[in-house]
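Participant: If you want the building blocks of each chain, they are given just below.
2 protein chains.
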Amino acid sequence: MKVILYMAATVNGYIAREDGETPWSKEEWQNFSKMVKSARNLVIGRKTYEAMKENDEFSKIGNPFMVIVSSKSLGPGVTTVGSPKEALRMLKKEKYETALVAGGGKLNSSFLKEKLVDEIYLDIEPLIFGKGIRLFSEDDLDAKLELLGTKSISQNTVQLHYAVLK
Amino acid sequence: MKVILYMAATVNGYIAREDGETPWSKEEWQNFSKMVKSARNLVIGRKTYEAMKENDEFSKIGNPFMVIVSSKSLGPGVTTVGSPKEALRMLKKEKYETALVAGGGKLNSSFLKEKLVDEIYLDIEPLIFGKGIRLFSEDDLDAKLELLGTKSISQNTVQLHYAVLK
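Chains as they are written, first to last, in my numbering: chain C, 1 to 166; chain E, 1 to 166.
If we strip away everything but chain C, and leave its shape as in the complex, we get:
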């Protein structure tokens, strides 16, 4: 099973404003949505889950199988697991070919630190924030990547596609 991290970020590595706002382009959202529909699952952290729920986003991305990595249970009907590894074990058992990891920064750091990510898709939006939620929350991690490709997904948004070297 391939583990893909998919995120949109500003030029300086923020995945949201401090208040969680993500003013990304329509094309970015379409691209993400397409990726989720293909993978049919989404692995996210609790805050990302709550933000997506509040914005009623699940049906728009084809109601994927949601795995929430959270230290506390989110109630009946929501699949929560305690760790990144547990999330991947569950998706593997269910025979998914791709696990799609999509934030937030804390979850991304955990996955990368544990060397669980195979590929990264990063949509770079033409914005700079002075503050916000970072692509990878501050942690002792260090990764080398290999550029697999670049793609223009709109006039001002570039998608970078990397393999994570292990």
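Be aware that one or more of the hints could be misleading.
Since the list can't tell identical chains apart, any single copy or any two copies may satisfy a pair.
Said to hold, decoys possible - As a list, the in silico PhoX-like pairs of lysine-lysine whose alpha-carbon atoms are at most 20 Å apart: (1) 131 / 113; (2) 166 / 53; (3) 131 / 106; (4) 144 / 26; (5) 47 / 106; (6) 115 / 131; (7) 144 / 131; (8) 85 / 72; (9) 34 / 115; (10) 37 / 115; (11) 95 / 47; (12) 34 / 166; (13) 34 / 144.
In short, the hints are calculated from the structure, not lab data.
Following the hints, put chain E in place on chain C, whose structure we already have.
Facilitator: Leaving out everything else, chain E in the frame of chain C:
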């Protein structure tokens, strides 16, 4: 006079490790060097100046006219100014066509916050740091960009070129 900000950064927006290390590609350095030789000047902050001096980098980039933005004087023979605007006034007076701003994060933030930057060149290195010095130090700023172009400068390094919308 056009004001260009030129930086190399990791995928997640760090321009150096915590200790100042910048393990960038040879091609990135060559590209930067070429840009400095063309502009014949460099506007940097005190810490960047000290790091470049320690690594004996000035002759390698053609001994450009150095303008250091610093609240304290750095001794005779070093041109220090107290603010980004003063740096630009000085270069304008000397008839430079391009002002080349190149870090660190604090200086970059000051220039952007004061809406002094016209274009940004960002070389994205295939690395992720968990901690380090950020492309723009945390500040109340927000900028919208227009993508002018992308260029592959080595197998794994992409250069993004933006105009800053004002």
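Participant: Hint by hint, say whether it matches the structure.
Facilitator: Status of the hints after comparison with the structure:
{"no.": "1", "hint": "131 / 113", "verdict": "between (23 Å within a copy, 13 Å between copies)"}
{"no.": "2", "hint": "166 / 53", "verdict": "neither (34 Å within a copy, 35 Å between copies)"}
{"no.": "3", "hint": "131 / 106", "verdict": "both (16 Å within a copy, 13 Å between copies)"}
{"no.": "4", "hint": "144 / 26", "verdict": "between (30 Å within a copy, 16 Å between copies)"}
{"no.": "5", "hint": "47 / 106", "verdict": "within (10 Å within a copy, 30 Å between copies)"}
{"no.": "6", "hint": "115 / 131", "verdict": "between (27 Å within a copy, 17 Å between copies)"}
{"no.": "7", "hint": "144 / 131", "verdict": "between (25 Å within a copy, 14 Å between copies)"}
{"no.": "8", "hint": "85 / 72", "verdict": "within (16 Å within a copy, 51 Å between copies)"}
{"no.": "9", "hint": "34 / 115", "verdict": "neither (25 Å within a copy, 37 Å between copies)"}
{"no.": "10", "hint": "37 / 115", "verdict": "neither (25 Å within a copy, 41 Å between copies)"}
{"no.": "11", "hint": "95 / 47", "verdict": "neither (27 Å within a copy, 52 Å between copies)"}
{"no.": "12", "hint": "34 / 166", "verdict": "neither (27 Å within a copy, 33 Å between copies)"}
{"no.": "13", "hint": "34 / 144", "verdict": "neither (27 Å within a copy, 26 Å between copies)"}
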